[in-house]
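Chains as they are written, first to last, in this note's numbering: chain A, 4 to 290; chain B, 1114 to 1697.
Among the hints, a few may not be true.
As the list claims (entries may be wrong) - Derived coverage of chain A by chain B (criterion: at least 3 residues anywhere in the stretch with Cβ under 8 angstroms from a Cβ of chain B; other residues may be distant):
| id | segment |
| --- | --- |
| 1 | 59 to 69 |
| 2 | 127 to 133 |
| 3 | 231 to 241 |
| 4 | 263 to 271 |
Unchecked claim - Part of the chain A face toward chain B, derived, beta carbon under 10 angstroms:
| id | residue |
| --- | --- |
| 5 | R75 |
| 6 | L77 |
| 7 | G107 |
| 8 | H111 |
| 9 | E145 |
| 10 | T149 |
| 11 | D284 |
These aren't lab readings, by the way, just hints derived from the structure by calculation.
Idealized CB from N, CA, C, for every residue including glycine.
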Amino acid sequence: MSSDVRFTDFKSDKQPTWCPGCGDFGTMNGMMKALAETGNDPDNTFVCAGIGCSGKIGTYMHSYALHGVHGRALPVGTGVKLANPDLEVMVAGGDGDGYSIGAGHFIHAVRRNVDMTYVVMDNRIYGLTKGQASPTSREDFETSTTPEGPKQPPVNPLALALAAGGTFIAQSFSSDAQRHTEIVKRAVEHDGFGFVNVYSPCVTFNDVDTYDYFRDSIVDLDDEDHDPSDRDAAKKKILDADKEYQGVIYEDENSVPYSDLHGLDSNMSEIPDGAPEDAMDLVREFY
Amino acid sequence: MAEDLNWAIGGEAGDGIDSTGKIFAQALSRAGRHVFTSKDFASRIRGGYTAYKIRTSTDRVRSVVDRLDILVALTQRTIDENVDELHDGSVVIYDGERSWDAEIPEGVVGVDVPLKSLAEDAGGAIMRNVVALGAACEIASFSIENLDEALAKRFSSKGEKLVENNKQAARLGQEYVQEHYAEDLPEYSLAETDEDYVLLNGDEAIGMGAIAAGCRFYSGYPITPATDVMEYLTGRIDRYGGHVVQAEDELSAINMALGAARSGARAMTATSGPGIDLMTETFGLVATSETPLVICDVMRSGPSTGMPTKQEQGDLNMALYGGHGEVPRFVLAPTTISECFHKTIEAFNLAEKYQVPVYLVSDLAMAVTERTFRPEEFDMDEVEVERGNVVDEDDIDQYLDEQDRFQPHYDAADGISPRAFPGTEGGAHMSTGLEHNELGRRTEDTDERIKQVDKRNRKVETAQREEEWDYREYGDADADALVISWGSNEGAMVEALDYLDDEGIDVRFISVPYIFPRPDLTEAVEAAEQVIVVECNEQGQFADLLEHDTLTRLKRVNKYNGVRFKADELADDIKAKLEAEVTA
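The task is simple: from the sequences and hints, build the whole structure.
Here is the structure:
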């Protein structure tokens, strides 16, 4: 780990194919800055992603990375981190990837509390398949597959995380670069599963949840004297459907990550050339 | 053939059938006798018929047979279910004080032992099965001291008192038979030897092989009959710095294992057919990202939920062809319990050497069967770990492109690219399920596509050239009749050879543990006048493969009623097939 790592060291030479103006540019920049500013470098960082616009992130960042199947990036990140605790693991997802096909994994990753960071680029629409409703789309949001709106309430990812026992729950806005970076950085520094839902507007297909909308409606928790260690206060904010908050909503300062609970500290890639020295004991158990 | 004894206990699920059977099996093994166990159970926690059968001999036993000498019947159904296997001189131990009047078939000796009352005398009704074990020892002329050791092994963690009570219960059973049935019993005797055997099942052998091979990460989701692999590893793998995660589902399980493998760990997941279906989504990613991973499928009867507690070898086509698109994978299928150990180790070496997913295909008959082995068959000094082309800071240079970028899918002549574990300086790279170039980046370029598909397939050619894809052979090498099988049928078939030999029928038998790549059997098939392929499925999936390889029509013996082949029955089936040819 070197101290002179700059965030641009995490940039690959590949130009993103995201639409011009896409919120994901800002989301990714904040992730790279957060990684650099927390003392990581590309060779000790592993980035996982699933499918969709968010899934492309491993191509645009420079690090060890896996672009996997839809919705399953969290289990991959879990395996990477448990097998080598020295790695910094960051998982990227989208609202479809994370809260629809991957919703089951999300709940369990939260409760497992493995020390990694999960950043969800939430644009409240399916972008890469050209504009269908997503789990976070508004109830009356008209799309090609929901001409009269989904007529079901959107998923509240922060509430899911809190209910599942989340130890770090935050939300940010991709165009507020400084705050977004700061929040992701805190998620990286958190001992346990750091979850950040990022408002990352889709300029092509979502004309409701736009930059202007978020700019006008976002309330920064730092301006409200919110105490992130207060779970009840966090619950109130999270269940307040009328407001869009940014900031660290909840952080359990006593969080004990999975690896600590299970006494995992070895790099599992290091194994002997043959069977372990006392391996005959395994056979003797069957006498 | 040495003196065989077939013993069984049967009753309702939840009656402690399994643990009682296991105690007796261990007692026999400790006395230097070979043991082969089989279980008959229903897919429910309580209720439903369940039985644990033991075949024991001073010779090695490899199969079950249609014969029962001593049966401990806790219910009438136990007798009814096994009536065909009872013979003149079989003994049925039952408890006449219970509310059913046992109907003992003619010729069979009924031994009525008040199991419950005697157990209560020893300290608790729960020990009634142990009273029956004591009675069985007396009937089989087997020293009850052997039982003491097995009881101590089972109960010592729960206190010395409990061990003593159990020993007492066994003696009460023994004495009761001595007092009441001394005159009426057939002559059985179980000789002891000085051999020290170990007793284990196929799932345990897979778990033990995994640890020996350096597997340190296991993620799985409980499913019959693969769960024993996970239960074995839990509590053992962590002694070596490893970890078992019970994932939320099979999708997660294989993705976690994939992540661990990309961290550089030897990783494995095990499941059964329905779980493989779910894992198939990620299988393609594992293969196309060239991640070494061992995926174990302990087959049960399908399709869909099928018969979860019954035997079948129906997943072979899925292991070979499952998933969309075309991508190489290796498929290994151990044929014996000890081979479950050895093939697991081989699976890890092949996975890492060739950077492919390896399906390790076992089946229920092996998973739930315990068998005795000489401990040397699990020789840990013989274990070799081959990690393949792993690069570090010092030798990474040769795989960097002109812009100093690492090429994880470098188009090597033998198809085998370098691997850089995360943390390796200069090795940062991306892997993806998208078609990619040598850098691992997405491409739809036609030439790059062909280059990568060919590169992946070239690994198979390299492996076919460099590894031994051999088989085991039994019987008469020059016989006109050739039988071929795969998976757990080997044991029954080897014993069937003896039955056939008794009838003057010479058979050459080839048992194949490699499905893909696999040995070329063309010459053996061409040399035989009649070829029969034996497998536990309806369609003859392996026979189809061999027909394709050898361009020869093959006969088939297929069993798909959920029960494994029995040696004597299999001999009859083979004989009938051979005769059908002669008369036709």
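Each hint tested on the structure:
1. 59 to 69: holds (count 7)
2. 127 to 133: violated (count 0)
3. 231 to 241: Per the Cβ count (0), the hint is violated.
4. 263 to 271: Holds, because 6 residues of the segment 263 to 271 of chain A bring their Cβ atoms closer than 8 angstroms to Cβ atoms of chain B.
5. R75: holds, 4 angstroms
6. L77: Constraint on L77 of chain A satisfied, holds at 8 angstroms.
7. G107: holds, 6 angstroms
8. H111: At 4 angstroms from the nearest chain B Cβ, H111 of chain A passes the 10 angstroms test, so the hint holds.
9. E145: This hint is violated: E145 of chain A lies away from chain B, its Cβ roughly 32 angstroms from the closest one there, beyond 10 angstroms.
10. T149: violated, 26 angstroms
11. D284: holds, 9 angstroms
Checked against the numbered hints given earlier, this structure breaks hints 2, 3, 9 and 10; the rest are met.
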